[in-house]
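**Student:** In case you want the letters, here they are:
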Amino acid sequence: AQRVTQPEKLLSVFKGAPVELKCNYSYSGSPELFWYVQYSRQRLQLLLRHISRESIKGFTADLNKGETSFHLKKPFAQEEDSAMYYCALRGEAAGNKLTFGGGTRVLVKP
Amino acid sequence: DTAVSQTPKYLVTQMGNDKSIKCEQNLGHDTMYWYKQDSKKFLKIMFSYNNKELIINETVPNRFSPKSPDKAHLNLHINSLELGDSAVYFCASKGVGSPLHFGNGTRLTVT
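Which chain is which? The protein sequence lines are A and B, in order. The first sequence runs 1 to 110 under my numbering. The second sequence runs 1001 to 1111 under my numbering.
Where hints are given, some of them may not hold.
As the list claims (entries may be wrong) - Within a straight-line C-alpha distance of at most 30 Å, the following computed BS3-like cross-link-like pairs (lysine-lysine) qualify:
| no. | chain 1 | residue 1 | chain 2 | residue 2 |
| --- | --- | --- | --- | --- |
| 1 | B | Lys-1052 | A | Lys-57 |
| 2 | B | Lys-1052 | B | Lys-1041 |
| 3 | B | Lys-1022 | A | Lys-15 |
| 4 | A | Lys-57 | B | Lys-1036 |
The set of hints was computed from the structure by calculation and includes no laboratory data. All of these numbers come straight from a predicted model, not from anything done at the bench.
Start from the sequences and build out the full structure, keeping to the hints where you can.
**Tutor:** Now the structure itself:
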């Protein structure tokens, strides 16, 4: 079974402060990890995937297989970063099912 | 051009009614999905179709019936709507090696 846990439902930070969203996963094989973002009343959009190892909108995430984590970080949060963030995992099972964590709402205050 | 489009955007209906949500993708993807986002923002997969064939069915009540007339379309029909069906329903599609592309969502309110 594959499972994704985002322990924080809400993260509130001031503009310019660092922000880190935690994501832990449970999967016995080699997973693919993603971060999706949903701005207010919009569609979910892919933010990052671990295989790309890139920085998008200042966000980075490193897959730590030892700790089974894929935390999302940004050193200086901006107001436009306020959104719902979902960590997601895709295993090797049939159907390529993407399992989402419960989501973390980020609120960046001015 | 919208890659994954869902209609309608909003749907308000009474308990007991039957309703459908349509989804179309123009990305040439082989796999399409329906996800449900509840009031607490939890996202859960409901169905997945690959080339018109059902491959994932996640313990969804029989009142929900997906239909895929071709690989570019995946519609969701819901019978005998209940209050608990109120949610945002997202359609998504995926090609080989690509991430999921989501539609804008359909906000269903059952009164």
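**Student:** Confirm or reject each hint.
**Tutor:** Outcome of the hint check:
1. Lys-1052/B - Lys-57/A: Status violated; Cα separation ~36 Å.
2. Lys-1052/B - Lys-1041/B: holds (28 Å)
3. Lys-1022/B - Lys-15/A: Violated, at roughly 40 Å.
4. Lys-57/A - Lys-1036/B: holds (27 Å)
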